[in-house]
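Visitor: Sequence:
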Amino acid sequence: MLAVSGGKTSGTQGGRYCKKKGEPDVSEFVGEPHRTELPTTGRPGERADAARNRRKILDAAARIVADRGPEALTMNAVAHACGVGVGTVYRRFGDVAQLVFALLDEREKQFQEAFLSGPPPLGPGAEPEERLSAFLNALTDRVVEQRELLYAAAATVPSARYTSGAYLTMHTHVAMLIGMMRPGSDRALLAHLALAPFTPALVRHLAVDQKVDAERIKDGLAAMLRLTCPPCPPP
Numbered sequence: 023m024l025a026v027s028g029g030k031t032s033g034t035q036g037g038r039y040c041k042k043k044g045e046p047d048v049s050e051f052v053g054e055p056h057r058t059e060l061p062t063t064g065r066p067g068e069r070a071d072a073a074r075n076r077r078k079i080l081d082a083a084a085r086i087v088a089d090r091g092p093e094a095l096t097m098n099a100v101a102h103a104c105g106v107g108v109g110t111v112y113r114r115f116g117d118v119a120q121l122v123f124a125l126l127d128e129r130e131k132q133f134q135e136a137f138l139s140g141p142p143p144l145g146p147g148a149e150p151e152e153r154l155s156a157f158l159n160a161l162t163d164r165v166v167e168q169r170e171l172l173y174a175a176a177a178t179v180p181s182a183r184y185t186s187g188a189y190l191t192m193h194t195h196v197a198m199l200i201g202m203m204r205p206g207s208d209r210a211l212l213a214h215l216a217l218a219p220f221t222p223a224l225v226r227h228l229a230v231d232q233k234v235d236a237e238r239i240k241d242g243l244a245a246m247l248r249l250t251c252p253p254c255p256p257p
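Position one of the sequence shown corresponds to residue 23 (our numbering), numbered consecutively onward.
A few of these clues could be false.
In silico BS3-like pairs for lysine-lysine, Cα to Cα no more than 30 Å straight-line [said to hold, decoys possible]:
| no. | residue 1 | residue 2 |
| --- | --- | --- |
| 1 | K233 | K131 |
| 2 | K131 | K78 |
| 3 | K240 | K131 |
Now the in silico label distances, taken between C-beta atoms and shown as ranges [what the hints assert, rightly or not]:
| no. | residue 1 | residue 2 | range |
| --- | --- | --- | --- |
| 4 | Y112 | A70 | 15 to 23 Å |
| 5 | A88 | R183 | 19 to 27 Å |
| 6 | G242 | N98 | 36 to 44 Å |
| 7 | D235 | E135 | 20 to 28 Å |
| 8 | Y112 | E152 | 42 to 50 Å |
| 9 | T185 | G116 | 17 to 25 Å |
| 10 | G242 | T185 | 26 to 34 Å |
Calculated directly from the structure, the hints in this document are not laboratory data.
All C-beta atoms in this analysis are idealised placements derived from N, C-alpha and C, irrespective of residue type, glycine included.
Please put together the full structure from these sequences, using the hints given.
Guide: Structural data, given as structure tokens:
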């Protein structure tokens, strides 16, 4: 998945960059992405009663998805479950797609904060290889846990995955790590390929149809990384 073609580079092992003592850290030249949001998020400066209504609606929507699946998520069902008028639900979220994105956004905030500024190995402070492995494992947990919501969101606007702020932040982060591991590689393309296994349709197929659990997916990703990114020899 992360195999890189091209000529020989000083300080490489099997096509993989191995930083030598005294060499500059390429992280000096590659910026960490900023946290972004999905299309629907909390509104800044909203009134306390509006915030409470928003919280009630999201909690009710989450219960419906957990109990009956995302196909049962309708504006009427949410209004009935949280005891507000359906007009209130529409005013807050517009349609079911925006409601789904709002549910996903809350988890996305936690995930982004973890890999952008949390403790290592997922956050800053670990080697890029460790961070990439930790990121893929954490992403596996998230997409398997929220596969039905992610699948429903993707079904509403299929192309939105690749233009959303959430995907662009993940892509920038993975590209940064690949650039640190292998300077000179086509890191933008490789980052897309590294994220490709996490498309909602594939994850849903593996988890539901093939009965593949999150740990097996992680093992498969680790095996792929070992094949394509052999470790540096000891100094």
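Visitor: Against this structure, judge whether each hint is valid.
Guide: Hint check:
{"no.": "1", "hint": "K233 <-> K131", "result": "holds (28 Å)"}
{"no.": "2", "hint": "K131 <-> K78", "result": "holds (19 Å)"}
{"no.": "3", "hint": "K240 <-> K131", "result": "holds (22 Å)"}
{"no.": "4", "hint": "Y112 <-> A70: 15 to 23 Å", "result": "holds (21 Å)"}
{"no.": "5", "hint": "A88 <-> R183: 19 to 27 Å", "result": "holds (23 Å)"}
{"no.": "6", "hint": "G242 <-> N98: 36 to 44 Å", "result": "holds (41 Å)"}
{"no.": "7", "hint": "D235 <-> E135: 20 to 28 Å", "result": "holds (26 Å)"}
{"no.": "8", "hint": "Y112 <-> E152: 42 to 50 Å", "result": "holds (46 Å)"}
{"no.": "9", "hint": "T185 <-> G116: 17 to 25 Å", "result": "holds (19 Å)"}
{"no.": "10", "hint": "G242 <-> T185: 26 to 34 Å", "result": "holds (28 Å)"}
Checked against the numbered hints listed earlier, the structure breaks none of them; every hint is satisfied.
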